[in-house]
Amino acid sequence: SVPFPDEALTHDKFIEIFKNVVKNLVDDARCEVHQTVLGIREGKEGWFEMFCLGGIACDDDGEMFSLMLSKLISCCCRKKRFLLSINKLLSPLMLLALRENQSSLETLCAMLDLDAIENRDNKLQLISTLQSTQMGLKMYAKVCERQIALRELQQKGGPRKLTLPSRSTDNDLAKLLSSGSFGNLSFTYFCIHF
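Per the numbering used here: the sequence shown = residues 1 to 194.
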(Lines of atoms letter the chains of each structure in order from A; the text may use other names.)
(Lines give C-alpha, C1' and ligand atoms only; values in the text may rest on other atoms or scores of the structure.)
Protein backbone atom coordinates (compact mmCIF):
# COMPACT_ATOMS: atom_id res chain seq x y z
CA SER A 1 0.00 0.00 0.00
CA VAL A 2 1.01 3.60 -0.44
CA PRO A 3 2.24 5.23 2.79
CA PHE A 4 0.69 8.64 2.14
CA PRO A 5 -2.74 10.13 2.87
CA ASP A 6 -5.12 10.85 0.00
CA GLU A 7 -4.60 14.61 0.52
CA ALA A 8 -0.93 14.22 -0.43
CA LEU A 9 -1.77 12.08 -3.44
CA THR A 10 -4.04 14.79 -4.83
CA HIS A 11 -1.54 17.61 -4.19
CA ASP A 12 -0.03 18.61 -7.54
CA LYS A 13 3.41 19.60 -6.24
CA PHE A 14 3.78 16.40 -4.19
CA ILE A 15 2.82 14.20 -7.15
CA GLU A 16 5.14 16.13 -9.45
CA ILE A 17 8.09 15.48 -7.11
CA PHE A 18 7.16 11.93 -6.15
CA LYS A 19 6.58 10.93 -9.76
CA ASN A 20 10.37 11.15 -10.23
CA VAL A 21 10.89 8.72 -7.34
CA VAL A 22 8.43 6.27 -8.86
CA LYS A 23 10.07 6.69 -12.28
CA ASN A 24 13.45 5.79 -10.75
CA LEU A 25 11.91 2.65 -9.25
CA VAL A 26 10.45 1.67 -12.62
CA ASP A 27 13.69 2.38 -14.48
CA ASP A 28 15.67 0.04 -12.22
CA ALA A 29 16.52 -3.25 -13.97
CA ARG A 30 16.10 -5.33 -10.79
CA CYS A 31 12.68 -6.97 -10.51
CA GLU A 32 12.60 -6.62 -6.73
CA VAL A 33 12.94 -2.85 -7.19
CA HIS A 34 10.53 -2.11 -10.04
CA GLN A 35 7.92 -4.46 -8.55
CA THR A 36 7.69 -2.15 -5.53
CA VAL A 37 5.21 -0.05 -7.54
CA LEU A 38 2.70 -2.90 -7.08
CA GLY A 39 0.57 -3.35 -3.99
CA ILE A 40 2.24 -5.21 -1.12
CA ARG A 41 -0.50 -7.83 -0.92
CA GLU A 42 -3.73 -8.67 -2.65
CA GLY A 43 -6.40 -6.06 -2.12
CA LYS A 44 -3.89 -3.30 -1.33
CA GLU A 45 -3.31 -0.68 -3.98
CA GLY A 46 0.19 0.39 -4.92
CA TRP A 47 1.61 3.17 -7.06
CA PHE A 48 0.60 1.17 -10.12
CA GLU A 49 -3.10 1.57 -9.31
CA MET A 50 -2.67 5.13 -8.01
CA PHE A 51 -1.23 6.30 -11.34
CA CYS A 52 -3.67 4.29 -13.45
CA LEU A 53 -5.87 6.35 -15.75
CA GLY A 54 -8.58 7.67 -13.43
CA GLY A 55 -6.50 6.87 -10.33
CA ILE A 56 -6.09 9.32 -7.48
CA ALA A 57 -2.53 10.34 -8.50
CA CYS A 58 -3.03 10.31 -12.28
CA ASP A 59 -2.53 13.78 -13.69
CA ASP A 60 -0.93 12.85 -17.02
CA ASP A 61 -3.54 10.84 -18.96
CA GLY A 62 -1.91 7.58 -17.87
CA GLU A 63 1.67 8.28 -19.00
CA MET A 64 3.26 7.18 -15.70
CA PHE A 65 0.96 4.16 -15.57
CA SER A 66 1.99 3.22 -19.12
CA LEU A 67 5.65 3.52 -18.18
CA MET A 68 5.12 1.18 -15.20
CA LEU A 69 3.03 -1.23 -17.26
CA SER A 70 5.61 -1.35 -20.03
CA LYS A 71 8.40 -2.24 -17.60
CA LEU A 72 6.38 -4.85 -15.73
CA ILE A 73 4.99 -6.57 -18.83
CA SER A 74 8.33 -6.62 -20.63
CA CYS A 75 10.19 -7.99 -17.62
CA CYS A 76 8.71 -10.05 -14.82
CA CYS A 77 4.93 -9.68 -14.86
CA ARG A 78 3.90 -11.24 -18.16
CA LYS A 79 2.26 -14.01 -16.14
CA LYS A 80 -1.31 -15.16 -15.81
CA ARG A 81 -1.43 -14.42 -12.09
CA PHE A 82 -0.46 -10.78 -12.60
CA LEU A 83 -2.74 -10.36 -15.60
CA LEU A 84 -5.69 -11.78 -13.65
CA SER A 85 -4.92 -9.37 -10.81
CA ILE A 86 -5.22 -6.38 -13.15
CA ASN A 87 -8.61 -7.38 -14.58
CA LYS A 88 -9.98 -4.66 -12.29
CA LEU A 89 -8.06 -2.16 -14.46
CA LEU A 90 -9.48 -3.46 -17.72
CA SER A 91 -11.50 -0.30 -18.51
CA PRO A 92 -8.52 2.07 -18.27
CA LEU A 93 -6.35 -0.44 -20.16
CA MET A 94 -8.89 -0.58 -22.99
CA LEU A 95 -9.20 3.21 -23.09
CA LEU A 96 -5.42 3.55 -23.38
CA ALA A 97 -5.40 0.81 -26.04
CA LEU A 98 -7.96 2.81 -28.05
CA ARG A 99 -5.40 5.63 -27.96
CA GLU A 100 -2.90 3.12 -29.41
CA ASN A 101 -0.83 2.99 -26.24
CA GLN A 102 1.73 0.25 -26.93
CA SER A 103 2.02 -1.16 -23.39
CA SER A 104 -1.76 -1.38 -23.02
CA LEU A 105 -2.11 -3.13 -26.38
CA GLU A 106 0.63 -5.61 -25.42
CA THR A 107 -1.03 -6.24 -22.06
CA LEU A 108 -4.44 -6.90 -23.62
CA CYS A 109 -2.83 -9.32 -26.08
CA ALA A 110 -1.00 -11.07 -23.25
CA MET A 111 -4.32 -11.41 -21.42
CA LEU A 112 -5.74 -13.18 -24.47
CA ASP A 113 -2.61 -15.32 -24.96
CA LEU A 114 -2.63 -16.52 -21.36
CA ASP A 115 -6.43 -16.73 -21.02
CA ALA A 116 -6.31 -14.21 -18.18
CA ILE A 117 -9.69 -12.53 -18.62
CA GLU A 118 -12.27 -13.11 -15.92
CA ASN A 119 -15.43 -13.39 -18.00
CA ARG A 120 -16.68 -13.79 -21.55
CA ASP A 121 -18.17 -10.28 -21.82
CA ASN A 122 -14.85 -8.71 -20.85
CA LYS A 123 -13.08 -10.91 -23.39
CA LEU A 124 -15.45 -9.81 -26.18
CA GLN A 125 -15.03 -6.17 -25.20
CA LEU A 126 -11.25 -6.58 -25.11
CA ILE A 127 -11.23 -8.14 -28.59
CA SER A 128 -13.46 -5.35 -29.91
CA THR A 129 -11.06 -2.79 -28.44
CA LEU A 130 -8.08 -4.42 -30.15
CA GLN A 131 -9.95 -4.50 -33.47
CA SER A 132 -10.74 -0.77 -33.21
CA THR A 133 -7.26 0.49 -34.08
CA GLN A 134 -4.81 -0.36 -36.84
CA MET A 135 -2.02 -1.34 -34.44
CA GLY A 136 -4.41 -3.29 -32.22
CA LEU A 137 -5.82 -5.16 -35.21
CA LYS A 138 -2.33 -6.27 -36.28
CA MET A 139 -1.47 -7.39 -32.76
CA TYR A 140 -4.78 -9.24 -32.40
CA ALA A 141 -4.14 -11.04 -35.70
CA LYS A 142 -0.81 -12.28 -34.29
CA VAL A 143 -2.57 -13.52 -31.14
CA CYS A 144 -5.03 -15.43 -33.32
CA GLU A 145 -2.18 -16.95 -35.35
CA ARG A 146 -0.46 -18.16 -32.17
CA GLN A 147 -3.69 -19.64 -30.81
CA ILE A 148 -4.42 -21.45 -34.09
CA ALA A 149 -0.88 -22.86 -34.18
CA LEU A 150 -1.23 -24.04 -30.58
CA ARG A 151 -4.58 -25.72 -31.29
CA GLU A 152 -3.15 -27.45 -34.36
CA LEU A 153 -0.19 -28.67 -32.34
CA GLN A 154 -2.49 -30.00 -29.62
CA GLN A 155 -4.71 -31.76 -32.20
CA LYS A 156 -1.70 -33.50 -33.71
CA GLY A 157 -0.89 -35.02 -30.33
CA GLY A 158 1.59 -32.42 -29.17
CA PRO A 159 5.17 -31.58 -30.06
CA ARG A 160 7.76 -34.11 -31.27
CA LYS A 161 10.72 -32.50 -29.55
CA LEU A 162 11.00 -30.89 -26.14
CA THR A 163 13.84 -28.66 -25.03
CA LEU A 164 14.10 -27.14 -21.58
CA PRO A 165 16.53 -24.48 -20.35
CA SER A 166 19.76 -25.81 -18.86
CA ARG A 167 18.77 -25.03 -15.26
CA SER A 168 15.43 -26.85 -15.44
CA THR A 169 14.64 -29.35 -12.72
CA ASP A 170 12.74 -32.62 -12.72
CA ASN A 171 9.83 -30.72 -11.17
CA ASP A 172 9.82 -28.29 -14.12
CA LEU A 173 9.67 -31.22 -16.54
CA ALA A 174 6.92 -32.96 -14.56
CA LYS A 175 4.85 -29.77 -14.45
CA LEU A 176 5.25 -29.26 -18.20
CA LEU A 177 4.38 -32.85 -19.07
CA SER A 178 1.28 -32.77 -16.89
CA SER A 179 -0.08 -29.69 -18.68
CA GLY A 180 -0.91 -31.07 -22.11
CA SER A 181 -0.62 -33.63 -24.85
CA PHE A 182 2.92 -34.84 -25.43
CA GLY A 183 2.14 -38.20 -27.05
CA ASN A 184 4.48 -37.71 -30.01
CA LEU A 185 7.63 -36.99 -28.03
CA SER A 186 10.60 -39.16 -28.78
CA PHE A 187 13.04 -39.31 -25.89
CA THR A 188 16.77 -39.23 -26.33
CA TYR A 189 18.94 -40.13 -23.39
CA PHE A 190 22.39 -38.72 -23.04
CA CYS A 191 25.11 -40.41 -21.04
CA ILE A 192 27.96 -38.36 -19.78
CA HIS A 193 31.10 -40.27 -18.84
CA PHE A 194 33.66 -38.77 -16.53
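Derived from the structure by calculation, the hints contain no laboratory data. Some hints could be false.
[To be verified] The calculated DSSO-like cross-link candidates involving lysine-lysine, where the alpha carbons are at most 27 Å apart (straight line), are:
#1 80 with 13
#2 123 with 142
#3 23 with 13
#4 79 with 138
#5 13 with 79
#6 19 with 142
#7 142 with 156
#8 23 with 44
#9 138 with 161
#10 161 with 175
#11 175 with 79
#12 161 with 123
#13 138 with 123
#14 19 with 44
Legend entry - Hints breached by this structure: 1, 5, 6, 9 and 12
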